[in-house]
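> The lines below spell out each chain.
2 protein chains.
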Amino acid sequence: MIGALTLSMQTWKTLSRETVLKRGKFLRVEDHTVQLPDGRVIEQWPWVITPDFINVVAVTEAGEFLCFRQVKYAVTGEALATVGGYLEPGEEPLAAAQRELLEETGYEATQWIALGQYRVDANRGAGTAHFFLALHAHYVAERNADDLEEQHLLLLTRTEVEAALDADQFKALPWAAIVALALRRL
Amino acid sequence: MIGALTLSMQTWKTLSRETVLKRGKFLRVEDHTVQLPDGRVIEQWPWVITPDFINVVAVTEAGEFLCFRQVKYAVTGEALATVGGYLEPGEEPLAAAQRELLEETGYEATQWIALGQYRVDANRGAGTAHFFLALHAHYVAERNADDLEEQHLLLLTRTEVEAALDADQFKALPWAAIVALALRRL
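If you read the sequences in order, they're chains H and W.
1003 is the number of the first residue of the first sequence in my numbering; add one for each residue after it.
1003 is the number of the first residue of the second sequence in my numbering; add one for each residue after it.
Simulated from the structure, these hints should not be mistaken for lab results.
Among the hints, erroneous ones may be present.
To be verified - With the Cβ distance kept under 7 Å, some of the chain W side facing chain H (calculated, not the full set):
hint : residue
1    : Leu1023
2    : Leu1089
3    : Tyr1141
4    : Val1142
Claimed, not checked - Simulated pairs of lysine to any residue, SDA-like, Cα-Cα distance not exceeding 25 Å:
hint : chain 1 : residue 1 : chain 2 : residue 2
5    : W       : Lys1027   : W       : Val1043
6    : H       : Lys1027   : W       : Gln1113
7    : W       : Lys1015   : H       : Leu1038
8    : H       : Lys1027   : H       : Arg1042
9    : W       : Lys1024   : H       : Leu1023
10   : H       : Lys1027   : W       : Leu1157
11   : W       : Lys1024   : W       : Glu1066
12   : H       : Lys1027   : W       : Asp1033
13   : W       : Lys1027   : H       : Thr1016
14   : W       : Lys1015   : W       : His1034
15   : W       : Lys1024   : H       : Asp1054
16   : H       : Lys1027   : W       : Leu1023
17   : W       : Lys1024   : H       : Glu1020
18   : W       : Lys1015   : H       : Gln1046
19   : H       : Lys1024   : H       : Pro1039
Where a beta carbon is used, it is the ideal one built from N, C-alpha and C, also for glycine.
Given these sequences and hints, build the entire structure.
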């Protein structure tokens, strides 16, 4: 049944698009005029453009997971977080993942496993998440994070990570998603 | 270490907010003026308001997973999807999950397990995802979906769902996230 995932279903057509809001490199909103397969036309379908981003679950030789205790503007209270950040213009997702791991933790990893790429909002876009599992992570340099938020690096055991995931302590969708996906490969 | 997740870190303050774009009930964008703990003030921090939504992984008595083969405007090609939809104004997440399961599949379930709530964008908001696992799902009525997209209901085995997840066929972040989280409880 899964094998039937070929493109036999008709997709929607974008007839026109117009930028209606721009906020630097972090947000642009377009109105799309969209045509459905049955011919119906929808005006002002909102389309959200935010930068693509990466998240990384990094695990040391000793089996410790690199996580953060962190506050974020859109998250209530403290949360556990993974390494993550936006792609620079023209940057490949893997390169961004390796850069962010080094900047945020001072660690490098020798084995990188792609955990997929996922559209954030299936209706309106809102960027794509690229997930990576980084194995054999080891400390090489001082952290050099330029994030605005306070964050504290934690080395957690697998048991601690699983307990935190099941207790909803990874409070943002990308963090919970990548942790759950990474645990399947470990 | 996890136990230290009390609110000792300082959060950001919203000094003011102004609506700068509105598109019906699906999107509103605000500019926030935000103050960091160190006193710095950021102007025009974009804040995205989209409706909260639910996703459901529903499993029948026979262990079949209710999924869709589906196209969505922001997803390339066909994808596997879970039951999902927006909360109506004032609607509780569980009620929305039960309503969407019935509307989209014609199934009801007798056991509901909350799988957490997750902020979509830790920086800009973009709504909250509420995830549920529905067990003992059974067919009770004709489907009555009002979605604009073509979708085909599939009954998949756990093995098929796991293979599809690992092959990145759940192409949107909420779908991959809830499937990975649900599999941990099954």
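> Now tell me, hint by hint, if it's right for this structure.
Each hint tested on the structure:
no.	hint	in the structure
1	Leu1023	holds (5 Å)
2	Leu1089	violated (15 Å)
3	Tyr1141	violated (18 Å)
4	Val1142	violated (23 Å)
5	Lys1027(W) / Val1043(W)	violated (30 Å)
6	Lys1027(H) / Gln1113(W)	violated (45 Å)
7	Lys1015(W) / Leu1038(H)	violated (43 Å)
8	Lys1027(H) / Arg1042(H)	violated (33 Å)
9	Lys1024(W) / Leu1023(H)	holds (10 Å)
10	Lys1027(H) / Leu1157(W)	violated (42 Å)
11	Lys1024(W) / Glu1066(W)	violated (41 Å)
12	Lys1027(H) / Asp1033(W)	holds (14 Å)
13	Lys1027(W) / Thr1016(H)	holds (21 Å)
14	Lys1015(W) / His1034(W)	holds (10 Å)
15	Lys1024(W) / Asp1054(H)	holds (23 Å)
16	Lys1027(H) / Leu1023(W)	holds (17 Å)
17	Lys1024(W) / Glu1020(H)	holds (15 Å)
18	Lys1015(W) / Gln1046(H)	violated (33 Å)
19	Lys1024(H) / Pro1039(H)	violated (30 Å)
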